[in-house]
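2 protein chains.
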Amino acid sequence: MKAFQSVAVIGLGSMGLGMARSLMRGGHEVRGCDLARDALEKLAAAGGSAFNTPAAAAHDADVVVVVVVNAAQTRAVLFGPDGAAEAMKPGSVIISSATMSPVEAQEFAARAGEHGVLYLDAPISGGSARADAGELTVMASGSPEAFSAAQPALDAMAQTVYSLGEDVGVGSSFKIVNQLLAGVHIAAACEAITFAKRLGLDISKVFEVISKSAGNSWMFENRIPHVLEGDYAPHSAVAIFTKDLGIVSELGRKQSFPLPVASAALQLFLMTEAAGMGQDDDSSVARLLAQIAGLELPGMERSN
Amino acid sequence: MKAFQSVAVIGLGSMGLGMARSLMRGGHEVRGCDLARDALEKLAAAGGSAFNTPAAAAHDADVVVVVVVNAAQTRAVLFGPDGAAEAMKPGSVIISSATMSPVEAQEFAARAGEHGVLYLDAPISGGSARADAGELTVMASGSPEAFSAAQPALDAMAQTVYSLGEDVGVGSSFKIVNQLLAGVHIAAACEAITFAKRLGLDISKVFEVISKSAGNSWMFENRIPHVLEGDYAPHSAVAIFTKDLGIVSELGRKQSFPLPVASAALQLFLMTEAAGMGQDDDSSVARLLAQIAGLELPGMERSN
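Protein sequences appear in the order of chains V and Z. The numbering used here puts the first residue of the first sequence at 13, with every later residue one more than the last. The numbering used here puts the first residue of the second sequence at 13, with every later residue one more than the last.
Honestly, the hints are just simulated from the structure, not real lab data. Worth double-checking, as some hints may not be accurate.
[As the list claims (entries may be wrong)] Listed next, the in silico DSS-like pairs over lysine-lysine satisfying Cα-Cα at most 30 angstroms (straight line):
{"no.": "1", "chain 1": "V", "residue 1": "K224", "chain 2": "Z", "residue 2": "K224"}
{"no.": "2", "chain 1": "Z", "residue 1": "K266", "chain 2": "Z", "residue 2": "K255"}
{"no.": "3", "chain 1": "V", "residue 1": "K255", "chain 2": "Z", "residue 2": "K224"}
{"no.": "4", "chain 1": "V", "residue 1": "K255", "chain 2": "V", "residue 2": "K54"}
{"no.": "5", "chain 1": "Z", "residue 1": "K217", "chain 2": "V", "residue 2": "K266"}
{"no.": "6", "chain 1": "Z", "residue 1": "K54", "chain 2": "Z", "residue 2": "K101"}
{"no.": "7", "chain 1": "V", "residue 1": "K255", "chain 2": "Z", "residue 2": "K217"}
{"no.": "8", "chain 1": "V", "residue 1": "K224", "chain 2": "Z", "residue 2": "K255"}
{"no.": "9", "chain 1": "Z", "residue 1": "K266", "chain 2": "V", "residue 2": "K217"}
{"no.": "10", "chain 1": "V", "residue 1": "K217", "chain 2": "Z", "residue 2": "K224"}
{"no.": "11", "chain 1": "V", "residue 1": "K255", "chain 2": "V", "residue 2": "K266"}
[Said to hold, decoys possible] Covered stretches of chain V, going by a simulated chain Z footprint (3 or more residues, C-beta under 8 angstroms):
{"no.": "12", "region": "182 to 193"}
{"no.": "13", "region": "272 to 279"}
For every residue, glycine included, the Cβ atom is placed at its ideal position computed from N, Cα and C.
So here's chain V without its partners, still in its complex pose (with noise of 0.2 angstroms):
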């Protein structure tokens, strides 16, 4: 395996620009695409080359990276018009990193097969910081080959990559249930302080005082210095999660497995996008309970 590759990164927001400076940091070629004008723009500043379309973009690379929203954007970019795939060279790999359910991720791969491309099934978790940082933490399974051919480029975008077998499908399970208890704690976080705020609690000692209790969480810790900041310009959006939470609560049902507190979760994130939200920051939950209790929280001004 070479160690300087031609990386084609395919979603250029803000964990693509990221990976694909990362990459650029660790020596290899990049290529990108994307459909936003500035999103290329920025690529070519970094010192990569921006093409038009997946096809374009991946022809003759030894890696594409996916790292689109959803698996229709993933299915698009490899396998429609234009797309990646077809322009791929046998033994080549697809690195594909959008949340999706394990089903689709098959059924990528399988796809890939026809076309003689490698595939690792390789959800990241980390944020837009980490992404630029090539600190990622990676989720992967797949064949040996397609880890193998995928080496380089991971080692430039990721702090860990973790080796979950050859079966295509559990990258993408980890990463399901890692956005269910992600976006519940999420939700729980805002629950919580908007509750605090309305028991007359000085919110800030409650941030103090849990985040060192047995009541915190990853998320809590994180998400709720947004809240105390009245800062809801997105790190990640609303509309993220009642996008994870939907592939988790769709694949539940697909498995006849209940699943009531992440339900419960998706519901609340669903209202905060219903009332207008969706491109804020995830911790705007808080904003829709207070809005609906009366409460003010830092950043809120009273409409009356």
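Got chain V sorted already, so can you dock chain Z onto it with the hints?
For chain Z alone, coordinates are given in the frame of chain V:
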């Protein structure tokens, strides 16, 4: 304030007995009361004096620590027949540690005041091992006089005492917000790990990966090992959370504040209690879900 006090501990369950031992190790004279004969014997074996009524234990004590199950028991041992409050001397202090609503804490403080007795609203967190080690966390509010009178006893029992102001009820409110999160996180952890099992994942690996990811919580890390080991001996019982999330839920209703995620979690604990596991470890929510879905977790024998 005397450095060594006469302290009565009312309620000698796993928490109260540990606190009594820590008080004795700290040089205090400890008197105790409990309905259970063997609890009194354990106290005597550890060097404490056993009494049959709260009044007898509290007579001439500088501090009365109340570590019973709930507000109703607290009311009974303080103000019922042979209750502690009547027997206490003026200027002595009640450290009230059961989880209860802030309104009840305020009622008890007012009634204590009628007896010339100080009252510290002081719920605890940390579990029986930390009670034994004198390393509890205390979320306390009350008058400076109450804090001052309680200080030597608190020093012996707690690693961290959060001083949350002069208003009785604030300590209880902090504890309730903590229990909301703790309960949701246990229920979500159990939901996620059994869903992972349904998806065919290696749940030990799921624990390893998630506990280092954004889906982690203090409770996920603490409780899921019980599920992996199939050990449902109660560190903390399901019934504790039907009680504590019940308090959360009732307070939410009284405050007209919606708590959809906490309510879903409460229903899971109630289902687990209804299925006969109320006195088992609270991670039994995972066993309930596994039973419902016909999954075999460690330590579960298939019944057919």
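How the hints compare with the structure:
no.: 1; hint: V:K224 x Z:K224; verdict: 17 angstroms, holds
no.: 2; hint: Z:K266 x Z:K255; verdict: 16 angstroms, holds
no.: 3; hint: V:K255 x Z:K224; verdict: 23 angstroms, holds
no.: 4; hint: V:K255 x V:K54; verdict: 27 angstroms, holds
no.: 5; hint: Z:K217 x V:K266; verdict: 23 angstroms, holds
no.: 6; hint: Z:K54 x Z:K101; verdict: 27 angstroms, holds
no.: 7; hint: V:K255 x Z:K217; verdict: 25 angstroms, holds
no.: 8; hint: V:K224 x Z:K255; verdict: 23 angstroms, holds
no.: 9; hint: Z:K266 x V:K217; verdict: 23 angstroms, holds
no.: 10; hint: V:K217 x Z:K224; verdict: 26 angstroms, holds
no.: 11; hint: V:K255 x V:K266; verdict: 16 angstroms, holds
no.: 12; hint: 182 to 193; verdict: holds (count 9)
no.: 13; hint: 272 to 279; verdict: holds (count 7)
Violated hints: none; the structure is consistent with every hint.
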